[in-house]
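Residue strings, one per chain:
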Amino acid sequence: MTANNDQGAGLSRRKVLECMTWAGTGVLWTVAGGVPRSLGLVGEAHAQAAGFTFMQISDSHVGFDRPANPNVLSTLEAAINKVKAVPARPAFMIHTGDISHLSKPSEFDDAERIISQARLDVHYVPGEHDVIDENTGKLYLERYGRGTKGAGWYAFDANGVHFVGLVNVVNLKAGGLGNLGADQLAWLEDDLKGRTDSTPIVVFAHIPLWVVYPQWGWGTEDGERVLGMLKRFGSVTVLNGHIHQIIQKVEGNVAFHTARSTAFPQPAPGSAPSPGPMKVDDDKLRTVLGIASINLVPGQQRLAIVDTPLQG
Amino acid sequence: MRITLVRAALLAAMVGLILNALNALNALPAAAAETAAAAGTTVKIDNFTFTPQSLTVKAGTTVTWINEDDIPHTVVATETAFKSKVLDTDDKYTFTFTAAGTFQYFCSLHPHMTGTIVVVPAGGGGAAP
Numbered sequence: 528m529t530a531n532n533d534q535g536a537g538l539s540r541r542k543v544l545e546c547m548t549w550a551g552t553g554v555l556w557t558v559a560g561g562v563p564r565s566l567g568l569v570g571e572a573h574a575q576a577a578g579f580t581f582m583q584i585s586d587s588h589v590g591f592d593r594p595a596n597p598n599v600l601s602t603l604e605a606a607i608n609k610v611k612a613v614p615a616r617p618a619f620m621i622h623t624g625d626i627s628h629l630s631k632p633s634e635f636d637d638a639e640r641i642i643s644q645a646r647l648d649v650h651y652v653p654g655e656h657d658v659i660d661e662n663t664g665k666l667y668l669e670r671y672g673r674g675t676k677g678a679g680w681y682a683f684d685a686n687g688v689h690f691v692g693l694v695n696v697v698n699l700k701a702g703g704l705g706n707l708g709a710d711q712l713a714w715l716e717d718d719l720k721g722r723t724d725s726t727p728i729v730v731f732a733h734i735p736l737w738v739v740y741p742q743w744g745w746g747t748e749d750g751e752r753v754l755g756m757l758k759r760f761g762s763v764t765v766l767n768g769h770i771h772q773i774i775q776k777v778e779g780n781v782a783f784h785t786a787r788s789t790a791f792p793q794p795a796p797g798s799a800p801s802p803g804p805m806k807v808d809d810d811k812l813r814t815v816l817g818i819a820s821i822n823l824v825p826g827q828q829r830l831a832i833v834d835t836p837l838q839g
Numbered sequence: 026m027r028i029t030l031v032r033a034a035l036l037a038a039m040v041g042l043i044l045n046a047l048n049a050l051n052a053l054p055a056a057a058a059e060t061a062a063a064a065g066t067t068v069k070i071d072n073f074t075f076t077p078q079s080l081t082v083k084a085g086t087t088v089t090w091i092n093e094d095d096i097p098h099t100v101v102a103t104e105t106a107f108k109s110k111v112l113d114t115d116d117k118y119t120f121t122f123t124a125a126g127t128f129q130y131f132c133s134l135h136p137h138m139t140g141t142i143v144v145v146p147a148g149g150g151g152a153a154p
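If you read the protein sequences in the order shown, they are chains A and B.
Counting from 528, one number per residue, gives the positions in the first sequence under the working numbering.
Counting from 26, one number per residue, gives the positions in the second sequence under the working numbering.
Just so you know, these hints were derived from the structure itself, not from any lab.
Here are the simulated lysine-lysine pairs, DSSO-like style, with alpha carbons at most 30 Å apart:
id: 1; chain 1: A; residue 1: Lys676; chain 2: B; residue 2: Lys108
id: 2; chain 1: B; residue 1: Lys117; chain 2: A; residue 2: Lys631
id: 3; chain 1: A; residue 1: Lys806; chain 2: B; residue 2: Lys110
id: 4; chain 1: A; residue 1: Lys776; chain 2: A; residue 2: Lys720
id: 5; chain 1: B; residue 1: Lys69; chain 2: A; residue 2: Lys631
id: 6; chain 1: A; residue 1: Lys665; chain 2: B; residue 2: Lys108
id: 7; chain 1: A; residue 1: Lys700; chain 2: B; residue 2: Lys110
id: 8; chain 1: B; residue 1: Lys69; chain 2: A; residue 2: Lys806
id: 9; chain 1: A; residue 1: Lys700; chain 2: A; residue 2: Lys676
id: 10; chain 1: B; residue 1: Lys83; chain 2: A; residue 2: Lys700
id: 11; chain 1: A; residue 1: Lys806; chain 2: B; residue 2: Lys117
id: 12; chain 1: A; residue 1: Lys665; chain 2: B; residue 2: Lys117
id: 13; chain 1: B; residue 1: Lys108; chain 2: A; residue 2: Lys631
Stretch-level coverage of chain A by chain B, calculated; a stretch enters the list once three of its residues show a Cβ under 8 Å from a Cβ in chain B:
id: 14; stretch: 650-661
id: 15; stretch: 689-701
id: 16; stretch: 731-744
id: 17; stretch: 800-811
Model, not experiment: these values are computed from the prediction.
Beta carbons: idealized from backbone N, C-alpha and C, even for Gly.
Here chain A stands alone, though its shape is the one from the complex (with noise of 0.2 Å):
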């Protein structure tokens, strides 16, 4: 079935997002009908008649060293074999940020080096680990901003769908969260006019865009403006990375989502002194970055969760 922009509100207006499927960062996208839905656990997704999918990847963090993960390449190398392992060969990915974890060049070119052999183009935006450079994100807009605006944001059409990568990492305000500032809200703004409520949105940007523990700056400032602008449209998907765990909600017709990182997992939301790296036992780590399906029932807003480890 191909995407439609023109398919039945009614159809979209029941958040119809069926049934979405992570697999260690990996999530696998499917849009059929004109809203995204899942084919089911990545690797060992059936080749379905549904035509569109893509995958989303996560908080590479490329350098990172430490403890709770001493080698991220492996871990990054095991989700892009995921990824390829993919018998419905996904459109394309979209990579939701901290690509690097100290915007080194060698750092990115690692990530470029393994995220390369999935062999799909990549949407990146940028996450706050990788406009840490002395230019303050000079080396990835040079790397991945050729056609984005500002600080790296900028959206396309793929099969019906209207996607939109949001930069809510850079000139954070002392005291406060994620910020996507005056001149990307204007231009989403513009950007949005005259588009059919039936076009189906797809947004994603690193730091979620609501507000999911601001005691930790897990949230965006100013994410509530974007969500003003999507309340119209009768499917909107929001796709975040930085808190390296899956969380969900749906509000209204928006579905939000945040994947898991490829390196090291984060605490739950208050659960520990800080947001930092957690260590798990070694044998443990790809257990905590496995697999997790997550379902929408029609007709229900609620999301269900299913988690299903790599290892174990």
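Starting from the known structure of chain A, fit chain B onto it as the hints suggest.
For chain B alone, kept in the frame of chain A given last:
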């Protein structure tokens, strides 16, 4: 002759002991002072927190921030008085506060992390640090 030698040796030994004792006495206060000074001019970054969150120093003091987290942080003055490069684990940043005033700062990567340096005038009875 033999007696003299023994006395000389004893004397030498006693002098040595006394010198050692004096050295030890000298060394102790010096080390203690150093520790106190370090504690008074150092901000530890740990668990996504600046400790102490508010530090008071005299003008002319060099403050050192040390990142003890597994995640990089920065030290950035809200009013642009100072700005560190990114500090990876165990990296340090120092800044010398020449003027009195209150300086708010934060981590530009994790802006919920905030701290304050209060700089008081260097004058008065006490020696400037």
